[in-house]
Amino acid sequence: MVKRLRPIVPYIPLTIWSVVILFPLYWMVITSFKQPIDINRGISYVPWVDFSPSLHAWQDLAVGTVPVVGPLRNSLLAAAISSLAAVVLGGMAGYGLARFSYKWGPWRNQEIAFWFISQRMLPPAAAILAFMVMFRYLHLLDSVAGLAIAYTGFNLPFAIWIMRDFFAALPRELEEASLVEGATWWTTFIRIAVPLAMPGLAATGILLFIFSWNEYLFASLLAFESAKTMPVTIAGMATAIGTKWWLMSALAIVSMTPTVLLGLLLERYIVRGLTAGAIK
Amino acid sequence: MARQTSPMLATPVPGIGTAAGHRVARTKPVAGFFVNPAAIVVVLLSIFPFVLSLAMTFSNWNLLYTGAQFIGLDNWQRLLGDATFRRSVTNTLWMTAAGTVIQYAIGLGLALSVLRIRRGQRFFRLVFLLPMMISPAAVGYIIGRMQFSETQGPINDILRHLELGAVPWISNPAMAPWTIVIADVWQWTSFMFVLLLAGLQSLPEEPFEAAQVDGASSWQIFVQLTLPMLMPVTVTAVLIRSLELFKLIDLVRVITAGGPGTATQTVTLYVYDLALNRGDMGYGATVAYALLILVTIYALIYLGVTRRSVENAR
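Here the protein sequences line up with chains A and B, keeping their order. Remember, the working numbering sits 329 above the position in the first sequence when you count from 1. Remember, the working numbering sits 265 above the position in the second sequence when you count from 1.
Don't read these hints as lab results, they were simulated from the structure. Idealized CB from N, CA, C, for every residue including glycine. Check before you lean on any hint, since a few could be wrong.
[Said to hold, decoys possible] Computed list of chain A residues with no C-beta within reach of chain B, every gap over 12 Å: (1) GLY399; (2) LEU406; (3) VAL473; (4) ALA506.
[To be verified] Coverage of chain A stretches by chain B, computed from C-beta distances (three or more under 8 Å per stretch; other residues unrestricted): (5) 347-358; (6) 420-434; (7) 444-455; (8) 485-492; (9) 574-582; (10) 591-605.
[Said to hold, decoys possible] Incomplete in silico selection of chain B near chain A, CB under 10 Å: (11) LEU310; (12) ARG381; (13) LEU394; (14) ILE399; (15) SER414; (16) PHE456; (17) ILE505; (18) MET546; (19) LEU557; (20) LEU559.
Could you build all of it, start to finish, from the sequences and the hints given here?
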């Protein structure tokens, strides 16, 4: 009996944790279809049985009672521009660190790479106030461009760190052949290494996009009004209309749909990116 | 095992990740072309802000007033007597420790479980990935505000049906930090799961087969083989998660805004509050720098303490 039950045992924790993850998401979805009256009447779990679903929260969002289009556009632009910039610059630096020997004073490649990644590990609170000052002088406060610049700085160390791993893992023979045939390092990089490292570049880019899309601290202090992003909009609503659960739910669904879809479709790349720096 | 290393803590360990032994011997002029643009960007967008912030800690600069003066170490002195700062440090340390430990324990359990099943692996992996895709601001709302709403949330409703009584998740100062930790665990246990699963999959099979032949129990295998061999990944995963938790702000901002009182105030939230609501840039920078110093000390101690167990695993 015990033997026969054994294969089922690991499913128990896995199922419990899946419920822990999925129930709040289910709750959020049904709440976005509830009306104030449904919520005041008590706690209800099943649409059509406990309450009749209504589209009024979604209509509110569609008419623009709560601004959504602007924040979505700002989030998209800041995240896309910064992750692209970080992948380009980080790809080059990662390739350099994987293929050349550097000497910066006492530092070799290993120390240089560590210097880069340590920038990402330090608490951003210590940099954010300086960003407020810098952006004030440069007139970049509350602009998507400013946010994209700040995120590039934030994302770049991470991009370098994982791209170095991806390039180091590539076979060198093709590149050497190309160099022997007289191609420059730059052409070799663009024509041979970059296409081979494409999965790694994609993994890095997707991950950085998600990080930036979800970022809160920088966005809340650098882009508070016209350049407001989705996380800042949500956090702002939480205090202002805390009990308008239906509207908050709809807003949360809108903000997470793009990244959740990316996650489901590109799971492999995301896992690859997450584990690249940590496991070889 | 030789290649299983933890480069996040890449204190100079030669040959990790770089193509050691294959290196192009001489430095070519073109080499700088690849790294310099990134280095310049990092100096401008990371080093310079950190230096500027340090300078700000010696000033009384306030956004609400004009003119800033050099005030020496006054801000640092104020920090030492600041009860809110002390409270925010204790809160941050406590939530970091609790969050990291719980996430590691659950993440490891899930990773071990998923390796033992044949059907449905992909389903669980996809479900577990979901929370990481959501912004912490939204997680704060979905978990902290909705699930743990004391009057209108499903959790208290279920507890009431079980006749266990409602729990003051948000309004009780002793409970509120736990609610935040739970929300962080909901979101980031998946990160531990992903890393530990990859780590487990990269372990060689021979030692495990040998142990089984020798008749070792699963518990013995787990304690004497799996855990020590997993050490490098553990060290990295715990370091990354704890460093992230030290920066905690968004969840707290949404769930409790630091309250009740200062029960869930974190250091980063305090910096945010000082800068945004009081315009106190000089002192805000000082608090932020104190966090930076704290995190650096923590990382150094952590790396020192864990170094031996990582090396043993190689």
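Hint by hint, which ones does this structure get wrong, listed from lowest number up? The structure breaks none of the hints.
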